[in-house]
Structure formats: C-alpha cells, structure tokens
Amino acid sequence: QKEVEQNSGPLSVPEGAIASLNCTYSDRGSQSFFWYRQYSGKSPELIMSIYSNGDKEDGRFTAQLNKASQYVSLLIRDSQPSDSATYLCAVKRVYKLSFGAGTTVTVRA
Amino acid sequence: SQTIHQWPATLVQPVGSPLSLECTVEGTSNPNLYWYRQAAGRGLQLLFYSVGIGQISSEVPQNLSASRPQDRQFILSSKKLLLSDSGFYLCAWSLDRQNYGYTFGSGTRLTVV
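So the sequence lines, in the order shown, correspond to chains A and B. Residue numbering for the first sequence follows the working numbering, starting at 1 and increasing by one per position. Residue numbering for the second sequence follows the working numbering, starting at 1 and increasing by one per position.
What the hints contain is simulated information worked out from the structure, not anything from laboratory work. Possibly wrong hints are sitting among the right ones.
Part of the chain A face toward chain B, derived, beta carbon under 7 angstroms [said to hold, decoys possible]:
1. 29
2. 32
3. 34
4. 39
5. 43
6. 46
7. 49
8. 51
9. 54
10. 61
11. 97
In silico DMTMM-like pairs for lysine to aspartate or glutamate, Cα to Cα no more than 25 angstroms straight-line [said to hold, decoys possible]:
12. 2(A) <-> 85(B)
13. 96(A) <-> 85(B)
14. 2(A) <-> 22(B)
15. 67(A) <-> 15(A)
16. 67(A) <-> 85(B)
17. 96(A) <-> 5(A)
18. 80(B) <-> 59(B)
19. 2(A) <-> 15(A)
20. 2(A) <-> 26(B)
21. 2(A) <-> 58(A)
22. 56(A) <-> 96(B)
23. 96(A) <-> 22(B)
24. 67(A) <-> 96(B)
25. 56(A) <-> 59(B)
26. 96(A) <-> 59(B)
27. 96(A) <-> 71(B)
28. 56(A) <-> 85(B)
29. 67(A) <-> 26(B)
Computed from a predicted structure; not experimentally measured. For glycine and all other residues, C-beta sits at the position ideal for the given N, C-alpha and C.
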C-alpha cells in the first residue's frame, strides 16, 4: 500500500468551475498535511497546509482534512487557466514528508 | 526571509562521470535538509535527509551519496553516474517543527548520456 495516494488524473475542468482533488494516506500517526502545486518543468510550491480536522480556506483554495478517514482534499474554486498544473498531496510524520504521485489539472478556457 | 539556492539548473553528463550538486539555505539556522529526485512523469522520491551537520540519513540505496559540511549546505554526489540517475533533483529545507512544510529549491535537471 502506498503511503499517500491521489485520485488519478488528468483532471480537466472548464474555466470558472470547481476542481476537486482527493488524497488518502496510510499512516495514522501523520500529523501535518500539505498541498503543493508544480508547474511543468518547475519545482513544487507550497500552496496549502492543514493540521486539524475540518476546512481551511485561503483565497480560492480550500483544504479539507478528516483524520478518522485518513483523507485530505483540495478544492480550487473559480478555476483559472493559471491553475493548470500538477498538484501534489504531502503528509508529514516527524522529519519526513511523503508525497503522492500528483494529479494533473487542466483548466479549459 | 529564508531563501534556498540550488545549482546548476541544467547538467548533461556522460555515463561514468562524477557528480556534485550543491544546495545552500540563507536566512535560517539548523534547518532540516532534503534531497529528492523526480524521474520524468513520476512522483518525488526522497533520497537523503539531514537534521544536523555531518548527519545524513539515506532512504534508498543507490549510486549516490550526500554530505552536509556546513549548517546550511547540502551536497549530493556520485562517483560514477548511471543512465538511470537522470532526473530532476530537488533540494528542500524545513524547520524541526511538525507543522512546517518544505520549501524547495529551483531544481537541477540532470541528463546522463
């Protein structure tokens, strides 16, 4: 079983729609959860972090965490062409961050 | 503010040649440092991490080694490159706090020919 699994992509959404990204993790001891955005050919950029159950909103992004279900999600509202990228879910335990394989999102103009 | 520098940006090396990639962090002290590799179309693979000077933990046995000669300097090396060493190498730093994410450098794209 992979430590971090993300819903398979690619995900194509029209401009202005909501993009929904899902992630599950296997280690119940994980305590911190992050979403990274990676444009093609670039390094990953941290866009959201969440530590407690519930929702966390930052601009057009909302992260959701359910530790009982070992589930993390990211919603991108009012999707823009500039949101087209690969989104990586990451789960931290002690020193190490484990990454999912990523979901590629394409926003159609 | 903290910044992370990684160089070179691009590297083409012949099989069997040595490798040295360098990463430095500014604006913080005693960071945790990490080396990741991302093969084309693949996820991030943790190679090495260090929580202090001279301390290196290896995640995957392979043709690479890492060193941390100074607090904010992390070096990835190889004595003899293999074709399978090609990939996008990323250095990252973090603080020793559970809720602190990683910040990545701009990466080195290595092609072994």
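Cross-check of the supplied hints:
Interface hint at residue 29(A): violated, since its Cβ lies 11 angstroms from the closest Cβ of chain B, which is beyond the 7 angstroms cut-off. Because the closest C-beta pair between residue 32(A) and chain B is about 5 angstroms apart, less than 7 angstroms, the hint holds. Satisfaction of the interface hint for residue 34(A) is found here, the shortest Cβ-Cβ separation to chain B being roughly 5 angstroms, below the 7 angstroms cut-off. Nearest Cβ of chain B to the Cβ of residue 39(A): about 12 angstroms, over the 7 angstroms cut. The hint is violated.
The beta carbon of residue 43(A) comes within 4 angstroms of a beta carbon in chain B, closer than 7 angstroms, and the hint placing it at the interface holds. The restraint placing residue 46(A) at the interface with chain B holds, with a minimum CB-CB distance near 5 angstroms, inside the 7 angstroms limit. Here the hint on residue 49(A) is kept, as its CB sits about 5 angstroms from the closest CB of chain B, short of 7 angstroms. A hinted interface residue such as residue 51(A) counts as satisfied when its beta carbon comes closer than 7 angstroms to some beta carbon of chain B; here the least separation is about 5 angstroms, so the hint holds.
Nearest Cβ of chain B to the Cβ of residue 54(A): about 15 angstroms, over the 7 angstroms cut. The hint is violated. Given the 7 angstroms rule on beta carbons, the hint for residue 61(A) is violated: about 14 angstroms separates it from the nearest Cβ of chain B. The closest approach between the C-beta of residue 97(A) and any C-beta of chain B is roughly 5 angstroms, which is under the 7 angstroms cut-off, so the hint is satisfied. Between residue 2(A) and residue 85(B) the CA atoms are separated by roughly 23 angstroms; this keeps the pair inside 25 angstroms, and the hint holds.
For a cut-off of 25 angstroms, the pair hint linking residue 96(A) to residue 85(B) stands: about 22 angstroms separates their Cα positions. At most 25 angstroms may separate the alpha-carbon atoms for a hinted pair to count; residue 2(A) and residue 22(B) exceed this at roughly 30 angstroms. Our distance criterion of 25 angstroms between C-alpha atoms is broken by residue 67(A) and residue 15(A), whose separation comes to about 31 angstroms. Of the pairs offered as hints, the one joining residue 67(A) and residue 85(B) is violated, with about 37 angstroms between alpha carbons and a cut-off of 25 angstroms exceeded.
For the given pair, residue 96(A) sits about 16 angstroms from residue 5(A) by alpha-carbon distance, which is consistent with the 25 angstroms threshold. Between residue 80(B) and residue 59(B), the direct Cα distance comes to roughly 19 angstroms. Compliance with the 25 angstroms bound is thereby established for this hinted pair. Annotation: proposed proximity of residue 2(A) to residue 15(A) is violated, straight-line Cα distance about 32 angstroms (limit 25 angstroms). As the CA atoms of residue 2(A) and residue 26(B) are separated by approximately 34 angstroms, the hinted pair breaks the 25 angstroms bound.
With a C-alpha separation of about 29 angstroms, the suggested pair residue 2(A) and residue 58(A) falls outside the 25 angstroms cut-off, and the hint is violated. Distance check on the hinted pair: residue 56(A) and residue 96(B) sit about 23 angstroms apart at the alpha-carbon level, within 25 angstroms; holds. For the hint pairing residue 96(A) with residue 22(B), the CA-to-CA distance comes to about 21 angstroms; that is within 25 angstroms, so the pair holds. Taken as a hint, the residue 67(A) and residue 96(B) pair is honoured in the structure, with Cα atoms around 22 angstroms apart against an allowance of 25 angstroms.
The suggested pairing of residue 56(A) with residue 59(B) is violated, with an alpha-carbon distance near 32 angstroms, which exceeds 25 angstroms. Restraint check for residue 96(A) and residue 59(B): satisfied, since their Cα atoms lie roughly 10 angstroms apart, inside the 25 angstroms limit. Restraint check: the Cα-Cα separation between residue 96(A) and residue 71(B) comes to about 19 angstroms, which is no more than 25 angstroms; the hinted pair holds. Of the pairs offered as hints, the one joining residue 56(A) and residue 85(B) is violated, with about 39 angstroms between alpha carbons and a cut-off of 25 angstroms exceeded.
About 35 angstroms separates the Cα atoms of residue 67(A) and residue 26(B), which puts this hinted pair outside 25 angstroms; it is violated.
The structure does not agree with the numbered hints 1, 4, 9, 10, 14, 15, 16, 19, 20, 21, 25, 28 and 29 stated previously, though it agrees with the rest.
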